[in-house]
Amino acid sequence: MEKLLTYHIINIENFTVLLKGGFIMELTVRGKNLEVTEALHAYVEKHTGKIQRYFDKPLKINVLMRISNMTKTCEVTVFVDGVILRGVEKSNDMYKSIDLVFDKVERQIHKYKTRLARKFKGKDVMSQQFIEEKEQSTADNDFEIVRQKRFVINSMTPEEAVLQMNLLGHSFFMFYNIESDGMAVVYRRNDGKYGLIDSEHN
289 MEKLLTYHII NIENFTVLLK GGFIMELTVR GKNLEVTEAL HAYVEKHTGK IQRYFDKPLK
349 INVLMRISNM TKTCEVTVFV DGVILRGVEK SNDMYKSIDL VFDKVERQIH KYKTRLARKF
409 KGKDVMSQQF IEEKEQSTAD NDFEIVRQKR FVINSMTPEE AVLQMNLLGH SFFMFYNIES
469 DGMAVVYRRN DGKYGLIDSE HN
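This note's numbering puts the sequence shown at residues 289 to 490.
Calculated directly from the structure, the hints in this document are not laboratory data. These numbers come from a predicted model, not from an experiment. Among these hints, one or two may not hold up.
Below, simulated DSSO-like cross-link-like pairs (lysine-lysine); rule was C-alpha separation at most 30 Å, straight line [as the list claims (entries may be wrong)]:
| # | residue 1 | residue 2 |
| --- | --- | --- |
| 1 | K401 | K338 |
| 2 | K348 | K338 |
| 3 | K384 | K360 |
| 4 | K338 | K320 |
| 5 | K401 | K384 |
| 6 | K481 | K392 |
| 7 | K320 | K348 |
| 8 | K378 | K338 |
| 9 | K360 | K334 |
| 10 | K481 | K334 |
| 11 | K481 | K401 |
| 12 | K348 | K334 |
| 13 | K348 | K399 |
| 14 | K384 | K338 |
| 15 | K334 | K378 |
| 16 | K399 | K384 |
| 17 | K401 | K348 |
| 18 | K334 | K392 |
| 19 | K378 | K320 |
| 20 | K378 | K399 |
| 21 | K338 | K360 |
| 22 | K320 | K392 |
Computed Cβ-Cβ distance ranges for the label pairs, DEER-style [said to hold, decoys possible]:
| # | residue 1 | residue 2 | range |
| --- | --- | --- | --- |
| 23 | E323 | S443 | 46 to 54 Å |
| 24 | E432 | K334 | 43 to 51 Å |
| 25 | M358 | A327 | 36 to 44 Å |
| 26 | K378 | L484 | 48 to 56 Å |
| 27 | I441 | A327 | 44 to 52 Å |
Glycine residues also receive a C-beta, built at the ideal position from the N, C-alpha and C atoms.
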């Protein structure tokens with residue numbers, strides 16, 4: 289029998305702070321076209337314990353449950369150490385949708401943490417952290433830059449960069465290619481495959 293994690297819970301409307309082992313997990317549960325009952329909220333909290341066990345640092349989980357045309361959809365977004373993980377599942381029963389989406393997120397976390405841990409040989413698989421993100425206020429024009437980000441560039445192989453890109457949920461990923469000894473970008477193509485853009489030294 290799996291041992292569930294024990295939390296100290298402070299609930300204010302649909303915002304919950306769960307404390308365990310000195311780490312904080314922020315849980316926000318919202319409903320669209322349905323009421324988030326205490327039973328639904330408790331069911332979500334039980335599933336978040338399974339997500340928490342994969343991390344040793346604070347994380348934030350947003351859960352959105354909605355009903356449209358009798359379809360019950362549950363969307364989960366996990367924020368931890370600069371990484372964003374998302375999952376969406378639908379069914380004819382909200383409890384089933386919750387089960388399905390948390391199983392999907394858990395499989396995604398387990399899959400990529402295992403593969404990245406093997407590739408990075410003990411390095412922090414969540415090492416890519418955004419240092420700064422700010423809105424750029426410029427005059428309206430066809431080339432307006434509306435957002436700017438600064439982040440750490442890590443050295444890795446193209447295969448490792450693809451794994452990091454998928455873990456982050458991005459469509460492209462910038463890194464230092466140790467195989468070509470230069471800056472590079474991997475990206476997801478429209479056909480679902482991957483591309484690599486390498487830089488050249490003058």
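Here's how the hints hold up against the structure:
no.	hint	result
1	K401 - K338	holds, 15 Å
2	K348 - K338	holds, 14 Å
3	K384 - K360	holds, 9 Å
4	K338 - K320	holds, 25 Å
5	K401 - K384	holds, 26 Å
6	K481 - K392	holds, 21 Å
7	K320 - K348	holds, 20 Å
8	K378 - K338	holds, 20 Å
9	K360 - K334	holds, 19 Å
10	K481 - K334	violated, 36 Å
11	K481 - K401	holds, 21 Å
12	K348 - K334	holds, 15 Å
13	K348 - K399	holds, 20 Å
14	K384 - K338	holds, 16 Å
15	K334 - K378	holds, 19 Å
16	K399 - K384	holds, 22 Å
17	K401 - K348	holds, 18 Å
18	K334 - K392	holds, 15 Å
19	K378 - K320	holds, 14 Å
20	K378 - K399	holds, 22 Å
21	K338 - K360	holds, 22 Å
22	K320 - K392	holds, 22 Å
23	E323 - S443: 46 to 54 Å	holds, 50 Å
24	E432 - K334: 43 to 51 Å	holds, 45 Å
25	M358 - A327: 36 to 44 Å	violated, 20 Å
26	K378 - L484: 48 to 56 Å	violated, 35 Å
27	I441 - A327: 44 to 52 Å	holds, 47 Å
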